[in-house]
Structure formats: C-alpha cells, structure tokens
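Please take these sequences and the hints and turn them into a complete structure.
Here is how the chains run, residue by residue.
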Amino acid sequence: MSEILEVSNLSFAYGQAQVLFDINIRTGGLVTGIVGRNGAGKTTLLRTIAGLEKPIGGKILLGKTDITGLPAWKISKLGISYVPQDKRVFTSLTTYEHLLIAANAKLGKSGDVEGEIEKAMDYFPRLRVVKDSKASNLSGGERQMLNIAMALFGSTKLLMLDEPTEGLAPALTRTFGEVLKEKSREVPMILVEQNVPLLKDVCDRIYVLEEGRIIHEEKSRDEVQEGGFAKYL
Amino acid sequence: MDVTYILQQTILGLAIGLTFSMVAIGFSLTFGLSKVINLAHGAFYALGTYLTFAAMHLTNNFALSLIISTGSIGLVSLLVEKVLVNKLYGKDIDLSLIVTFSTLLVVSTLIKMVWGLDPKSVSPPQFLTTQIYLAGATLPVYYLFLATCSLILFIFVWAVINKTMLGRVIKAGSEDKDRVETLGINMGRVFTINYVFGGMLAALGGGLMAPLISIEPSIGSRIILLCFAVVVVGGMGSIFGTMLAGIIIGLSISYVTMFNAPMSEAAAYLVMAIFLLIRPKGLLGTG
Amino acid sequence: MTVLEKKGISRIEWPQILGLTVFFAVLPLFLPKTLSMQILFYALLGLAFDLMYGYGNLLSFGHALFFGVGAYGAAITFNTITGNPLVAIGVGLALTVAVAAAIGPAALRRRDPYFALVMMAFNIFFYQLFVAPLAPWTGSDMGLTIRRMESFWIIDFSNKTILYYIMLAVAFLLMILIKIFMKSKYGALLIATSESEFKVESLGYSSFKIKYLSLLFSAFLAGASGALFATFLGYSAIDFIAPTFNIIIVFIALIGGSGTFLGPFIGSFIYIALTYLLTVTMGWHASIYLDGLIGLIIIIVMMKFRGGLYRYLYQLAKGIYVREPMR
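Protein chains in written order, with my numbering: chain W, 20 to 252; chain V, 5 to 291; chain S, -7 to 319.
Check the hints yourself; a few may be wrong.
Stated by the list, open to error - To give an idea of the interface, some chain W residues facing chain V are shown, with a C-beta separation under 7 Å as derived from the structure:
no.	residue
1	PHE40
2	ALA69
3	SER95
4	LEU112
5	TYR115
6	GLU116
7	ALA124
Because the hints were derived from the structure by calculation, they are not lab data. Beta carbons are placed, not taken as given, at the ideal position from N, Cα and C, and that holds for glycine.
What follows is the structure, given as structure tokens:
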C-alpha cells in the first residue's frame, strides 16, 4: 500500500523567476513534514508534485512510476491526494455534492460511492449534519474536514496537506492533529505546517525549505522530536 | 393596436426569448468553465440553421433535419475545439475574442460560398403551420411549438447542470478547475464535452428558429451579440437568470417589431446598454 | 529597459513620422491616389484602434462606428448644411466624439471582454440606425455621395492632387498629435492603467477617467480618418460603419504589430494589397471571400506570431535594432 515518493533534483520556475532549486526529497512511506518561512516555496513544491505545475528539471517517482510532468488528474488517479491551502471549497455545491464528486472520481463506476460516503460521514459526523448545506455556509473547520474527507476516498498512496490547521481554533487544531496522527498509520503523508508541536508529534522526518532550497533535514523520529528544525521557522 | 396582435407578439417574444436562452447558455457555460469567449458559438447556430435548410431540401422531414444538423454540428464543434479552442485555454481573453471572432467570420464566408447570399427559408411540417384559437386570438401554432420545445430543452439543461455528475463537475470547475483536476477528473475532457454540448444546443436553436427567420449569412454574428446581451442582462453563473434575460430580450424584440421592425434587434442592445449602465452584474449574476 | 520597451511598445519617433509622410508623398507616383489615401487613413484608423488595444489593453470591436460616424457626419453636412470642408469635417469630428462620449460610460463599466462586445453592440445599433430609420439622410446601403464642396480659401478641393497633399498634411498633424498624446501624462497613465488599475488609483488618478479620455481621443482619430477619407473620396460607404469592418481594423492593427507605430501602416498596406490581389484573381466576387481570408490570416498569425509581423521582422533584424520583446 505504501509507496515511496522520491523527488530528485526538482526545479521549477514561473517564467524567468526560478522558485525551486534542485529539491531532493524522499518520503520513506511515512509522514514527511515540510517547513519553512512564508514564500519559501512549500506550496509550489506540493503543487508541482500534484501535477498542477510543470517542473523545468528533475524527476518525481512514486514507487517505480515516473510521474514527472503528468497531468494532475492522472497523478491523482495514481493515488496522490492533495488538500490545498486556504480551506477552499466549491461555493456553488453542497457538502454532499463535494463528497459525491470526490468519491466518484476516485472510486470510478465500480466503486461503492454511497457506501464510502457514508463511511466518510461516520468518521466526520459533523459532515452528516451539514451535508445539504451549501459549502459557502460552512465554517473553516467544517470546510477543512470536508477537504480531508474528500482526499481520503479510494486507496490513497500519498496524502499531501498544505497547512491543514492554519487558522483553526486551538481545540480544532488538536482534533485535526489527532485525525492526522490516526490516518498517518494508514496513509503516507507530506505535511506542510507551521505548527511545531503538531509536527513533532506526527512527523517521521522533516525537510526545511528556504528560498526554494532544502537547507536542513531531520531524518528520524528522534531528531524530529528534538525539535531542532523549529529555529528555521 | 388590437389585442390579437399583442398576444401574438407576446407568445412570439416568449418563444424566441426561450430559444435565445437555450442558445446563450452554451456560450455562458463555455465562458464560465473554460474562461474563453467563444464567439464561434454564433457559427454553430448559423450552421445549424443552414444545415436544417439543406436537410429539409433532401428529406423534407423537419424532425430528421433537426437531428441531422444538430448531430453534424456536434462533430464540427468537436473539431473546432480540438484544433483551435483547445489552444486558447489559459491564454489572454482578447486572444480568444479575436481568434473565435475570426473563426465566426471564416465560417460565415464558407456559408456564403456554399449557399450564396440570397436569403433562404424553411417551412415546418404541415401540422405546425396552422393556427389555433386561444384566448380570443388566432396564434400561429409554431410559436407555441417553439416556446414549448425551448422550454423543455432549457429544463433539460438545468437538470444536467444541477442533477448530474457532469453538471456538478462543470459547476465546481467553473470555480476552481485546478482543484477538480486534483480530485482525479480530466478537465480537458470536461471542457470538450461542455463545448460540444453548448454547440449542439446552439445548432438546435438555429434549426428551430429556421422557419421563423430569413436565413442569411449574417445570422451568426447577430446571434452571438444577442447571446452576449442575454449574458449581460441575466448575469453570469445563473441558469435561471439566463432564462429570464432571454425572455426579456425576446419580448423587447417582438414588441418593438410592432412599431418599427428594422430597429427591433437594436432594442435588444438598448436593453443591454441600460443594464450595463445601471446593473452591470445582471439580474441574477454571481460573477 | 524602460517600461515601454518591456511591454514591447515602440516609441513614436520623429524619423518614423517624417519617413511615413515622405513615403505617402511619393506613393502617388506608383499607386492611384485613392488607393494611397485609403492605405493612409485605414492605417490611422488602425492606430486609433491600437491606442486602446495595444497601449490600453482594451480590445474594441466597434471602431468602425467612429470611422463611419466621422465619414457620414462630414458627408451629410456637405449635402445638407454647407459645402465648407472645414465645417463639414469639423461636424463629423464633433459627432464622433459625441457618440464616444455617450457610449463610453456603458462600455468602460467593465474590462475585457465586455468592452469589446459592448462596442460591437453599439456599432450594430448605429449601423442599423443608418441602414433603416435614417436612410433618407444616409442613403442606406447605397452610401452617400457628397454633392457639393466649396473651395476653401484659395484651395480648390476638386483638384484631387491638391486635396491629396492637404489630406496628407492633416494626417501628418494627426500623427504628431498621437505622439504628443503618448508622450504626455495621459499616454503613460493609459499604459499604466492597462497594467494595474489599482496602482494608478492609489496614485490618486481615476482609471475610468483615463480610459474615457483615451477612448475620446481614439474616437477623435478614427472619426478624423473617416471624415477626411470620405471628403477625399466624395463618398461615404455603408461599409465604413458596418460591423464587419471591425475585423479589418483588427487585422490592420495586429498583423503589422500591435503596440507599434509602424505596425498599422504595414497592416494597412497588406490589407489593401490582399484586396487588390483577390479582386484581380477572382473578379468582383472577391469581396465575399475577403472577410474569410482576413479571418483565416488573423487566426494563423495570432496563433503563431503573437507579436505581429513587425515584431517578427524586428527579431530577424536583431543585430540592427534594439530587440523589442513580445507583449
């Protein structure tokens, strides 16, 4: 189930402005944290892995499959789920419709779409309560729950989360932390986060990104728990 | 001004208005989803009309002609999307304006080459050319037929957008196409389906309008402006708004025809100009 | 690189203006005067259009309206009010600017794509006015022949050669006006507005006012071209105000190279040449195919050579001129 994501010498530029320089990352089938100051390129890195941006150099391997330059939908079908920043949702659709689209896309015709949606709503009971509400009426926490639920349909080989607890109340942050910790035992993750305690609790390795380059790595749980990476934030 | 005439024009206005809505919705969806102003949409309408005319010549069967012309435009719009429109996604909006307008012009020229400049006409089947007596006035049956057809088709479009997976994907994609792609959906394919769907609606609208109009090469450019007027008045992002706007514009045209026929189309643009000045968002616009 | 160069906009330089004037002064030796005049004024019309598009990033599908109102305004004045050319052309100009002033607010409400299509809608509106209700004055689709023209001062307007050089002189003045405008605060503000309305507003300017004034100036130029050309021809054609004329205007401005001064002149030349070639090879039926051919060329050029032929040629001659980046 778990496949290792290997990013080698990845570079990316917006036109003339280069944003990522020779990034090398290995997930090791566990929870990988990516940290750094704002503007370091973390979101761009995730977007490039997700296929939303085309790199100008380097390679991305998921297990043995070369996914470099593939369109985003193909990468998603191969098992990479991406939850973007900002807790964005589709304001013209209801909660249930969000889950429908996601489940349908990941499970295909042969999957038990309704069954899986029920399971998702069991895991996040709050979603069942708001299932017919327009997503524009959901709170930040509810939206995030929805986004994570949407990302977990089907067999996910890698879950990428961009600042999932940003802007959430502390109580909710703790809840999400627990959810992430629980899920991390089943699904490898790449976690972009600013929340140090969460990172220490959950990550098995951490990469520190600054101005598009990896400047520091912590390759084991012990190193992570020491929290040395925090000084780079 | 006798009541019969007013009633006739009202039904006519509703009928053509609903047809405009039907044609405009494809144009609106393509802009909402793919962010391309597809002026070539007018070409599909025009071709739909002309092909219906041509098919009627061959088969003399109105229903069959409509099917043939709509189906053909399905193929034509697919070709246009794959060869040209495809390359416009994500580019400057004025590129799509210029290129699709040029495409419209090329198609209009092709129409002139094939069918010439003389106006053509189409007669619907016998049973639709009669008149019925309703509410104290005689009304051409075709007006009622057109109104009914367009209404049904419009409801069909509404159902597809709001009740099917494709519709939901189109709505979601109109807001954030990247996000939908990361869910595993091939947006390129959705763009194509959306484009062809809209094109076929335009063609069908053209075919249905054929018996009512004088068919000539300029109808393509004229309908695209009416589509634009519908989108301005109704507002982007609202199907119901498009329907209302279409009806308003249809009625404007049919009522003005009672006073000054040549300026009837101009009336539509006047309504559009008024909306631009006092309510740019349109009646029910979300964008 | 200056802001202008970064946007791929060439400066309007004296050599270009003088060179063009000399070129058009000499052209009647090789081409009929009417044709030369047409190339000149169509080019100016293209420049007027490009003022909004190339510099202001506002695509207008309705500049034929301004050209037509200028032309018809002058023609109608000649026929109904006075044979004085100065008055007639002046009226044509005034009417054009009035029309622009009236439709400006509605058109500039939103950005592209609305501007383009709203302009087109007004174009069609006025076109229909001219064809139908106003037919007694405009001659509908037969066009309007100017029936009388007085001499102005010592200048005999019936002598086409003298008329040509007078028109050329006026065109020269118009080109200078364009240069003045672009060099002025408004020219720079227009370009700035096209890049970031927010920045312009935060400097205390009204982006609407800038766009509106630019539209008025653009309309003035287009109307002037129309009025002058119609005066020279002694005739105003319905084609001048027809909505289909707009694609020709777009062609002229874009094929040569949008955002450049010489571009529309190249485009105008190519357009006239194409018309001539087509008429020669296909007879008078050619006009049917012309639109389609223009459309096809535009598609090919826009998809392949985004910056227009002028820039393409510029890049080929890289060693000689400073390289102009694509827009």
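How the hints compare with the structure:
1. PHE40: violated (24 Å)
2. ALA69: holds (6 Å)
3. SER95: holds (4 Å)
4. LEU112: It holds, given that the least Cβ distance between LEU112 of chain W and chain V is near 6 Å, below 7 Å.
5. TYR115: violated (10 Å)
6. GLU116: holds (5 Å)
7. ALA124: With Cβ-Cβ at 4 Å, under 7 Å, it holds.
The structure does not agree with the numbered hints 1, 5 stated previously, though it agrees with the rest.
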